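Q: Once you've looked at the hints, dock chain B against the given chain A.
2 protein chains.
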Amino acid sequence: MAKEKKMVESITSMEEDFAQWYTDVVRKAELTDYTSVKGCMVIKPAGYAIWENIQQELDRRFKETGVQNVYLPMFIPESLLQKEKDHVEGFAPEVAWVTHGGMEQLQERLCVRPTSETLFCDLYAKDIQSHRDLPKLYNQWCSVVRWEKTTRPFLRSREFLWQEGHTAHATAEEAEERTIQMLNVYADFCEEVLAIPVIKGRKTDKEKFAGAEATYTIEALMHDGKALQSGTSHNFGDGFAKAFGIQYTDKENKLQYVHQTSWGMTTRLIGAIIMVHGDNSGLVLPPRIAPTQVVIIPIQQRKEGVLEKAGEVFESLKAAGLRARLDDSDKSPGWKFSEAEMRGIPVRVELGPKDIENGQAVLVRRDTREKITVSLDELAEKITELLDTIQKDMLERARRHRDTHTYTATNYEEFKQTIEEKPGFVKAMWCGCQECEDKIKEDVAATSRCIPFEQEHLSDTCVCCGKPAKKMVYWGRAY
Amino acid sequence: MAKEKKMVESITSMEEDFAQWYTDVVRKAELTDYTSVKGCMVIKPAGYAIWENIQQELDRRFKETGVQNVYLPMFIPESLLQKEKDHVEGFAPEVAWVTHGGMEQLQERLCVRPTSETLFCDLYAKDIQSHRDLPKLYNQWCSVVRWEKTTRPFLRSREFLWQEGHTAHATAEEAEERTIQMLNVYADFCEEVLAIPVIKGRKTDKEKFAGAEATYTIEALMHDGKALQSGTSHNFGDGFAKAFGIQYTDKENKLQYVHQTSWGMTTRLIGAIIMVHGDNSGLVLPPRIAPTQVVIIPIQQRKEGVLEKAGEVFESLKAAGLRARLDDSDKSPGWKFSEAEMRGIPVRVELGPKDIENGQAVLVRRDTREKITVSLDELAEKITELLDTIQKDMLERARRHRDTHTYTATNYEEFKQTIEEKPGFVKAMWCGCQECEDKIKEDVAATSRCIPFEQEHLSDTCVCCGKPAKKMVYWGRAY
Chain A
25 MAKEKKMVES ITSMEEDFAQ WYTDVVRKAE LTDYTSVKGC MVIKPAGYAI
75 WENIQQELDR RFKETGVQNV YLPMFIPESL LQKEKDHVEG FAPEVAWVTH
125 GGMEQLQERL CVRPTSETLF CDLYAKDIQS HRDLPKLYNQ WCSVVRWEKT
175 TRPFLRSREF LWQEGHTAHA TAEEAEERTI QMLNVYADFC EEVLAIPVIK
225 GRKTDKEKFA GAEATYTIEA LMHDGKALQS GTSHNFGDGF AKAFGIQYTD
275 KENKLQYVHQ TSWGMTTRLI GAIIMVHGDN SGLVLPPRIA PTQVVIIPIQ
325 QRKEGVLEKA GEVFESLKAA GLRARLDDSD KSPGWKFSEA EMRGIPVRVE
375 LGPKDIENGQ AVLVRRDTRE KITVSLDELA EKITELLDTI QKDMLERARR
425 HRDTHTYTAT NYEEFKQTIE EKPGFVKAMW CGCQECEDKI KEDVAATSRC
475 IPFEQEHLSD TCVCCGKPAK KMVYWGRAY
Chain B
25 MAKEKKMVES ITSMEEDFAQ WYTDVVRKAE LTDYTSVKGC MVIKPAGYAI
75 WENIQQELDR RFKETGVQNV YLPMFIPESL LQKEKDHVEG FAPEVAWVTH
125 GGMEQLQERL CVRPTSETLF CDLYAKDIQS HRDLPKLYNQ WCSVVRWEKT
175 TRPFLRSREF LWQEGHTAHA TAEEAEERTI QMLNVYADFC EEVLAIPVIK
225 GRKTDKEKFA GAEATYTIEA LMHDGKALQS GTSHNFGDGF AKAFGIQYTD
275 KENKLQYVHQ TSWGMTTRLI GAIIMVHGDN SGLVLPPRIA PTQVVIIPIQ
325 QRKEGVLEKA GEVFESLKAA GLRARLDDSD KSPGWKFSEA EMRGIPVRVE
375 LGPKDIENGQ AVLVRRDTRE KITVSLDELA EKITELLDTI QKDMLERARR
425 HRDTHTYTAT NYEEFKQTIE EKPGFVKAMW CGCQECEDKI KEDVAATSRC
475 IPFEQEHLSD TCVCCGKPAK KMVYWGRAY
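Chains A and B supply the protein sequences, listed in that same order.
The numbering of the first sequence is the working numbering, which starts it at 25 and goes up by one.
The numbering of the second sequence is the working numbering, which starts it at 25 and goes up by one.
So here's chain A without its partners, still in its complex pose (with noise of 0.2 Å):
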């Protein structure tokens, strides 16, 4: 019974304090824990399955593009991290050095892998020789790690899961194209399945990743008025493969340098997705991740035919192709519908002797709390319409939310006053020069989130500078 009581007790309020209600969210929900190693977590069963349906979706999305799936050493050799300048300039501070193996000490120390760019780069030296080996579309599922100083489950930890995609082109112009897919495969990805509208947009050069030529972002906004870099795909232009020595003989029989593209997204999505949907109620999960998307509490299941019957809609939900549960443990049905809420379960249905009695049951939405009476006839049927419905009601009010959060503003008085006033995006014009970035950053501790591809006219002049501008930018704090 312990354990019961734990999972219902009231969380704190996200109004109250919206970190401790993440952090009580993840717990209670039974995503992840900590661990005895510092900085490392663990992911329960019911985090990892939420990895798992985002790994399925994102994988056949992939696919469908080309891409093929390796695996490379989790370990990278000092001298090969350190063959793009700017790359090891922007990673050897946080990462993990191995020094021994068994006894012995190594000749060379290896780092344990924070991303992969120097390994494929390795690999596709050897791999590539023709313009008949290209393009390479590679990517793999792994972890990575970084050295943080300060973790948060999901959002910023020591160790975590990603896919990495890596690949190398003919040319500059193939390398811009499949960035921008990619991309645009993660937007689509995040509003379809995960219901998450995103800002499509470019990294200024400040907070592009280290050794990219140009990097792509999709920047979601949180519930409590904070951005989540959600998605990332760099374009590298030659600049890796000139350090590496990728070339390949073309058409001509002329050698020519490759152009490469990398893309990522990380465990990172379960964090944006708990802090775009959630309540305080704990979890409320898009219908299209969620590992469970209905759940059945019988009502005194004791009587003669509750469970039989409860047992005759669990299989029907299943035949009927939905990720059905039946809770027909031995806890009062109020325990049962606030675990299930805890879990953000998208629809419960509530069974006993007077709906069987009456052919219904009653469906009752997670995101709204709606109940609606529906013959057990049309019951797998409705069901089905209603995952659909409250997928749709999630991105719009999500959507929503990220538009009524998002302010302009074209003087830096005004710029500051929202930036403090004001959780959310403010779009501001930019002049281009990161002294402004900098500026902005140490005043009020927001940062670039990106520059939109959808640019609009708000003023001539920078936000911060008055000087000419030359972009609007969408400005944010962040995760």
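Any given hint might turn out to be false.
Under the rule of at most 30 Å between Cα atoms (straight-line distance), these lysine-lysine pairs were calculated in the DSS-like manner [to be verified]:
1. B:K355 <-> A:K275
2. B:K342 <-> B:K327
3. A:K62 <-> B:K446
4. B:K62 <-> A:K109
Honestly, the hints are just simulated from the structure, not real lab data.
Fair warning: this is a prediction, and the values are worked out from it, not measured in the lab.
A: Just chain B now, kept in the frame of chain A:
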């Protein structure tokens, strides 16, 4: 053209040099490659696709028995690794140590997991309080590191991919039942999916896992007569529970220790597939695990209508649920045949202008090279049947090879001679003493593979020392 040529160059024949044949197949079928990280391999698309199919099939079977997936850290603090005495003795000599994170030296060094018993115990000690929390049936897919001195692709490398199941139960009986249940899942998977027959049995104490009470194994026989341990399942009793303090209150409110198991399968299985089924033209993949089950190779593809028809056939095979590929590259049909053979694709379809005129195609089996002419109208159906036949025949052939290379010996001279002269399994009686195992290893470099569940009485005395025999054992040289 350089690439094509490499693919179809003849490989070393297995009769001449089996080890070189293996290396040639692994390289030329493009399954793996060496890397700049000594002892670690790249798993290339053709190899990783096999692993993905293995994962999918095993994962489904695990989940049918109630197993849930989780993810634990890749690092283990030294103090945690040391909690179970036998376990640390077994693994400490071959682990990689992380000593620095970012710019700082760690206060306690961390090993990169060689296996995760200690981390699962750490988790279970926190999460298990009551009998209601049992059983815990967790599994994780990840990579592990063991600092091996000599390495070979798939068979032995410093990093490899695997799954590790870890369960906790209320009673010793339940733990034993789960240990055997998972061994049976492994054995069925090998026979049904990989077409590899296995011997199920128990490891001797000398060969068991560090920290286990009992280790069970499935042993397969490779084409060269050497054994390969293909999966293991361990019963830990309550040894780890006592070392880590994993206790629960039973229904009478008394504190009890849990009983635990673990079980694992690795990318080694790909080595087994190569060495059981391969031949002198390359890989031969069982249809159920083959990433591509059927390849369509157009003949005289520039003639009008050939590519169109090949495309139609391709679409119809995909629609029938077959994993099909159309090779419409500009290589000659001869190259394509050799490539398809090297890659082990179970069936190829040859389709030329004459065939199209006659409304037929020629199917060629990879395993027997038999050619079968089939009407285009019933192509998908016939190929589906043929794949089933190939799958059955491959298992049958492997079983016949195993059986004809399994010998018995009732005295030591006969035993040594058989081991030396007839590569394969040797069944012989054993007294139960490690001294005899040590002597046999020293005399003929053979090890006890397992004490099979299906015991036979071959004689009354140990084949080595002549003392009264306790068990019949499978002996052999092994990878």
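Q: Which of the listed hints are not met by the structure?
A: 3
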